[in-house]
Amino acid sequence: MKPLALFKSELDVFLKELSRDFDIFGPKRQKKGFLDWGKIEGLSDLDLSPGVTKTSVKSFFLPQPEVLFEFSAKTGDERAFRLKEPECPDRKRVLLGVRPCDARSIFLNSMPYKEDCYFQGNIERNIVIGLFCKTHLSTCFCTWVGGSPTSTDGMDIGVYELEDSFIFLPVSQRGEELLRGLGLREISQEEEGQLEAYKSDAPEGISEGIDIAKEFSKKSLFDLYDAQFWQEVTDPCLNCGTCTFLCPTCYCFDIQDEVLRGRGRRIRYWDSCMFPLFTLHASGHNPRGEKVKRVRNRFMHKLKYFPDRFGPISCVGCGRCVRDCPVSIDIRQVIRQFLEI
Amino acid sequence: MFTINEKITVEIRKVARDLLKKGEVSAFLGYTKGTVPMVMKPFVARRQEDAERLSWNSFCVLNLANYLPLVLKSLEPPRRPNEPPPEGPLPKVGVLVTGCWSRNMVVQIKENQIERERVKIIGISSRGMVDRKKVQALVDNNEITEVIEEDHKLIVKGHGFTREINRWDVVRDNCKSCVHPDPVIYDEVIGDLSGGRQVPKRFGDIQEIEDMDIEERWQWFQEEILSCIRCYACRNACPLCYCPTCFVDDSRPQWVGKSIDKTDTALFHILRAFHCAGRCTDCGACESACPMGIRMRLFTKKLYKDCMELYGFEPGLKIDEPLPLTTFKLEDPQDYILQQGQKGEEK
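Chain order of the listed sequences is A and B. Residue numbering for the first sequence follows our numbering, starting at 1 and increasing by one per position. Residue numbering for the second sequence follows our numbering, starting at 1 and increasing by one per position.
What the hints contain is simulated information worked out from the structure, not anything from laboratory work. This structure is a prediction, so every number in the text was calculated from the model and none was measured. Hints may be right or wrong, so weigh each one.
Said to hold, decoys possible - With a Cα cut of at most 25 angstroms, we get these calculated DSS-like pairs of lysine-lysine:
hint: 1; chain 1: A; residue 1: K291; chain 2: B; residue 2: K73
hint: 2; chain 1: B; residue 1: K133; chain 2: A; residue 2: K32
hint: 3; chain 1: A; residue 1: K28; chain 2: B; residue 2: K262
hint: 4; chain 1: B; residue 1: K176; chain 2: A; residue 2: K32
hint: 5; chain 1: B; residue 1: K134; chain 2: A; residue 2: K28
hint: 6; chain 1: B; residue 1: K21; chain 2: B; residue 2: K7
Bound conformation, chain B alone (with noise of 0.2 angstroms):
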């Protein structure tokens, strides 16, 4: 009997071989397996034999999207800064997407990152990724040697004990209130389509935090980003976060301090956040990378909830539709600049 996900291991490398050895993709992005458990490892195939590598489980917590422009960029050939691009079809490079992984591909589509015909897109539907913060958790943070995966349980075996866990328990929260499990784009798929989701409170975690007061919830912030150690993972983790040079890295000027001085690494999380507005698909590998368990998800999650509210958008759904950001709209909500009276309505 093969599990969900050795099933879709199986198929996933026997695409990949197909690909490499035609010659359609020139590399092919993926997983492998980690060395550690419950951290799996992101993967580019370059050689036809590499795709018996790869492997699909659920901790592929990481955004592929985050890869693409850089393996995409890898494979032309080299060329100065404002030399323009050969003649003819660049190499291909076919990618796995769940749900999220492939709205950020919209997005980048969207932002002249990537270019659809240069991606072979092979869809999986999400069942929803693991968060191993709450597995750890669940075993009072005793060392983990081994995860075994099965259907719908995880066995989890340390020193001296081994403890069945129900999987939908320690599933990632994003993924919990995810209605987009299923690709948006793609050329082929592995396995079912789900059809979507229904979630009862989308959000809900939100919510919660709305409903603090102010000095409550400045508190609850300051608290969530204490142990940050600015090490950006979560920066470097998120396939919106493309520019050159990031607002937290220059220095001629520079914006932010380098250090772990409370005002400046708040300040950075509420850019980064503000950042993604609009962009963010809510993949969650942000506060999968964190190594300090920092919820940042929650400040971009804030955000989208907002752009839905006030401009019925949300990011990566279609590919023709413009970015909320870089549209005005007459009948966009403008009560934070004009005061009641001032919309240049006729009295």
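So that you can see chain A by itself, here it is in the shape it has in the complex (with noise of 0.2 angstroms):
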């Protein structure tokens, strides 16, 4: 199928037509300054400005916080002591204006959680439409960790926005079948050559040819583990979760049971390494108990544990734990620092 294209003018009727079947969320100026995801009900809620938004998009995969199953021990109760399935939305849900990066945290995230119903779940009921990078911010670094402004994984759709319009890419199946119904108009010669010369303005590769994810497969574990370096990486961090909060491929859990008088829900909510909590044994030992353990937990699970294991590396080079880290621990300086083993 061929790319398809809508004038921004007519951005407007575009909305309302997928609203008809969809809720439609996206980056929206919040009261505080920042972008962050929210409800978008018409063209005013919706800014595409460059840059990522605050949060990530992961919160539309992995709620904060998910509900398992809600359950009841109250005699009486009609469904005393029989598990009941969360409620689910009837309603689908469109992401529109999703950034190459955070569609590839989804395409990453997927593969730890290949056979997690609820995480596949969310897959099946959100649709990402996303939106290629013109321009980078500083703290982009998407081409030093696989990734790419155009790049279409984890995408259902992508979008390029020209001058006076935007192209729709199908990515997937059903993006293909919902841009059928959309009623867009085919791409124009103008466009078409606009579509040829569109060049991105691409955050520079590390250096040239390297392939960090390559790189760091060929180094050893043990001599990444006990690096010098992870002192002085360590010696500002507060141990606070806003990177692994922020991160969108930062995915660790916890599950406990919110119990109210007999009945209660059991629910996943986010985890961070950050935490003391986070891997906390029964018996009170704490493998990770110190600051140390942890921030090496957190660079070393994306940088050389999930590599290992599934191949690219679990970081999509989105920059907001560079840009919010209250002390500016910066992964591309322990990238670099991993490559110096």
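From the two separate chains plus the hints, produce the assembled complex.
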């Protein structure tokens, strides 16, 4: 199927059309000034400025919290002692303006969550319409870690932003189906020319021809684990969860029962390797009981353990952790330090 | 021509280098440049040559007292949990302090978190630190790629723009209302001390919230914490928060829900604030660390004000003064416990 086009002036109509069958979410300017995900009720809600939203797209796929099931242990309750599946919203969602880095995180996260019915259910429920990047911020580094400003990984539809129009590129089967029903027009010759000449201002790679995932796979895990640089990386760290909670590829969770007067729900909520409860054993022992071990785990997981197991690096280069770390711990520096080992 | 901060930076490096060289301290706690504009990185210089990386500017927004207990502990020989510390003096740490950070060290000393003899305190009078969120707002949230600081202005650059901003306009709210910019305890001073500041409406921001009616105030509070992601950056940036297990982390028993339920998040912020009552110096590290722009400093500042009005107490000003919440005096206000006419007065 060929790409289709939409004039920017028609975006309003497009959103209305889309909202008949879907709840639309996209980047929205928040009261505090930053961009974050919000429900798009009309054109004025949507803000497609360059750069990523404050929080990542992961909250749609790994909701904070995800209800796994509900239960009652109350005698007399009709459904007592039987698990009840959580209620599912009946309307599907469209996520608009998902940047290639965020979209790639969905692709990466589905590797460990391949057999997880909740995650896969959320993939089913959310259609991803990506937006390719024209410009990058100084904290962007997707090209270091296997992504690109025009990567379609994790997208159902990819969108190029041209001068006066948007070009919709179908990526997945269901993306194609959705596009068919939206009454978009064919691309004009002029647009075809513009598309041909479409250049995104991609962030520079770390250095010519270096594939970080490949480089790291050659390195000994123990050399990296025992490297000298961890102490200095760790010194300023507050062990807060800002990096892990804003990160699109930090997917660790914990599970708890929340019970009130005999009725409750089992939830899965975000955990962070920065937190003291993370990997705390029932015995009281914690293999990551000190700050340096926690910090090391975060980087080793992304840059070594994950690629050793699944292939790609578990980082998409969105730069959120770089931008919002209160003490300016920069994963790009850690990557450089890894290369030197 | 050097700016004030450049001069201070040169001095800091010199002092740190000398202390490390003489072996008077085993580590020096300061700041180094971060990789993004307007974010400084707390830095532990352990070798003499590390001193050259120390730096000082208006973006040193975190409280270095927060790092002190851990850095001190890292220098002690390893020992089992209940083993007493070894005989003889333990290694010292040099540390930079401004007014509020030094007051937090006073609190830490009083609460037995650090020992005065083990810290070499280098004082700097604070000119007020800059709130990067304010700078960001002034350039319509466009990306800032470089910030050059002069004594009284910031030159802010981004893609296709350069703007000059008056430094004082973007100084943090807590610094603007601060009356104690000079360090309270110190061994050496870099630069000149200010001799204190006068502020017309010290608690103006709190007064505004107090003037709301209950409904309005509850609304305001809920909206303020709406975007909280429970990352605990505020708590972890705070030098007062040193409990081995925080009440929000505890799971046996569990006091607070772990997810972002509205009630749980509100409970976290209210309890965090109350735990800081009579101890918080309004250093503003919590607010500066928050990635979501929540002004949780206002919660603790309200309690600061209450403590001052009820007990005439300001935290961390005097090293030999008892803490208000561990002391009882007969003249303490007790209206909230006792009804009128029950105060044991003779009728």
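Here is how each hint holds up against the structure:
Annotation: proposed proximity of A/K291 to B/K73 holds, straight-line Cα distance about 13 angstroms (limit 25 angstroms). Taken as a hint, the B/K133 and A/K32 pair is honoured in the structure, with Cα atoms around 9 angstroms apart against an allowance of 25 angstroms. Taking the CA atoms of A/K28 and B/K262, the gap is near 21 angstroms; set against the 25 angstroms cutoff, the hint holds. With a CA separation close to 21 angstroms, the supplied pair B/K176 and A/K32 stays within the 25 angstroms bound.
Under the criterion of a C-alpha separation no larger than 25 angstroms, the hint pairing B/K134 with A/K28 is consistent with the structure, at around 20 angstroms. A C-alpha spacing of about 21 angstroms is found between B/K21 and B/K7, which places the hinted pair at or below 25 angstroms, so the restraint holds.
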